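**Student:** Spelled out, the chains give:
There are 2 protein chains.
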Amino acid sequence: MAESNEQVVRNKQVLLKKYVNEGLPKESDMEIRESSIQLKVPEGCKDSILLKNLYLSCDPYMRNRMKKLETSSYVDSFQTGSPINGYGVAKVVDSTHPNYKKGDSVWGITGWEEYSLIKAPASLFKIEHTDVPLTYYTGLLGMPGMTAYTGFFEVCKPKKGDYVYVSAASGAVGQLVGQFAKLLGCYVVGSAGSKDKVELLTNKFGFDAAFNYKEEQDLGAALKRYFPEGIDIYFENVGGKMLDAVLLNMRIHGRIAACGMISQYNNERPDPVHNLMYVVGKRIRMEGFIVSDSYHLYPKFLELVIPFLKEGKITYVEDTAEGLESAPAALIGLFTGRNVGKQLVVISHD
Amino acid sequence: MAESNEQVVRNKQVLLKKYVNEGLPKESDMEIRESSIQLKVPEGCKDSILLKNLYLSCDPYMRNRMKKLETSSYVDSFQTGSPINGYGVAKVVDSTHPNYKKGDSVWGITGWEEYSLIKAPASLFKIEHTDVPLTYYTGLLGMPGMTAYTGFFEVCKPKKGDYVYVSAASGAVGQLVGQFAKLLGCYVVGSAGSKDKVELLTNKFGFDAAFNYKEEQDLGAALKRYFPEGIDIYFENVGGKMLDAVLLNMRIHGRIAACGMISQYNNERPDPVHNLMYVVGKRIRMEGFIVSDSYHLYPKFLELVIPFLKEGKITYVEDTAEGLESAPAALIGLFTGRNVGKQLVVISHD
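One line per chain: the protein sequences are H and S, in this order.
Under the numbering used here, residues 51 to 400 are what the first sequence spells out, in order.
Under the numbering used here, residues 51 to 400 are what the second sequence spells out, in order.
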């Protein structure tokens, strides 16, 4: 059946069936399809690699890619009827690219499928440190880790002693922002949406305090309780009402790193924010950022984080779904807060 | 009647009768009172000066001072029953301060009255360049000029060729931001609230284009028409719906200098802003600033502006109300857009 001697294998894939412009996506918006693939870069494909995907990363920004985006956005819509793509960890099975050889481990943009043929890989990093769990390259040592690093250090410009607030604080990015802030000598409070997550924040990640935002009638008053002198740095993962409550509680010359606004992604019309007047009087700097603008800092990031990790000064909590079939539910779970820590999907362990 | 040989004269004053927490202030919220004052710094008052006030500056930020501010703000509430204070231009009548002598011209914080005794003057600048209209020290060469300079150059970090949008563009600050942007080689569009003001923008201040925001059904569409490629820099004087429309039209890495939000000052509850999600994807930096943080740059500012002014490269439009009695109406007029250009009040010409 194969045109060459190379093996042809089953290639299960996760496809987006139709665009979901508003509301919570459902598993039935995606489907699992069985395809097949030849375990070799096809003839004539220069600078290409064939990947065996090991771990897939479920990330909030993917919600926007499930929409039919009309205006130019920083991300493209997924192609319906084609495998979803996103960050993942993979092994090189075959390569015609001079920088990659069979057996290399990589992380970066790949397909939600068992095997992916990547032509002209522009968004892949070769994994040099393999003496750490490879799953960490979907989180701590991958895109979310770089997001925490860039947003906190480059955008927030933190100083020792700053009062730092992190929303969605037990998530892939938030848990690291909190730990970076503690390592720098800041006072750090996080919020999350369940008792378990709140306990993780103080018991595992070392936050000074944490609260369940779902149990607060008045978010502004809750923040006032944890920050009687106000907030110097807000790492924004949530948007909407939370942002409004934060603006009320910011200190003069406060900084807000706008990383994402997950509370808003399923809304048809975003929640209103009323308190922007405080941006003027309090001289607040609110700045959006996208991690892919800062990948040139990745080596510097690893230099910081790998020693911390090996010395046990940084820890990382993952929420692992087994099997490609579990990927749609795992992705959707991000938007109901089902995951505890970094959500990833295991396709294969080697 | 006087305790010394020094003259005692009438001192008309403008007082705030009661706090106006919402809605448009009325003339009847203020009153004119006749007091008297001795034209000499009283015995025992060290480091004090007695000013004859010439010109008063009407500025939008004063609206917030008319409220009973409960939380700490960057400004204090006015004291009811006492003269309003604000920026103005004055002549020194008497001084026990080593830096000031009789006959000096100054600008800075003074009282809304004919004469003011200033103890320990911390917010006054001695006027060194007197070969320009002294009224300019309420605008072009005073606080509004410094606001335009700081906000545009320090906060927006403009580059030649940037697409710049200024709201409230014919006002004390806006008219200068537009001229600074043109001098730097930017493309500049301004909006204002009347045909006359819009004509000033293009005919007098050299804006590339201008529009009357009151004639636009859809502000987002209007901005799209003037900025088909989007806005690099927005100098924010307005807030609310305008800010929402701007966020929709910002370019990647755009900058918003939040100088003020005059559309919001009379509202009980500020207008909602919905489009903050664009801050993330477009990596927008929105930054509030207060001119008084930057007065150390005043000499640098004068070095830039005085030559431009003398060479006719910068012009400035003032709206002059005659007499202290006209001050309450002039101040209120800011919030209905009655003024064309910088609103000031003449108490005395010398």
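I should point out that these hints are in silico values taken from the structure, not numbers from a laboratory.
A portion of the hints provided could be inaccurate.
Stated by the list, open to error - Beyond 10 Å from chain S on every Cβ pair, some chain H residues (computed): (1) 92; (2) 147; (3) 326.
Unchecked claim - Where chain S lies over chain H, by a calculated footprint (3+ residues, C-beta under 8 Å): (4) 193-199; (5) 339-345.
Quick caveat: nothing in here was measured; it's all calculated off a predicted structure.
Just so it is clear, CB atoms sit at the ideal spot from N, CA and C, and this is done for glycine as well.
**Student:** Determine which of the earlier numbered hints do not hold for this structure and return their numbers in increasing order.
**Tutor:** 3 and 4
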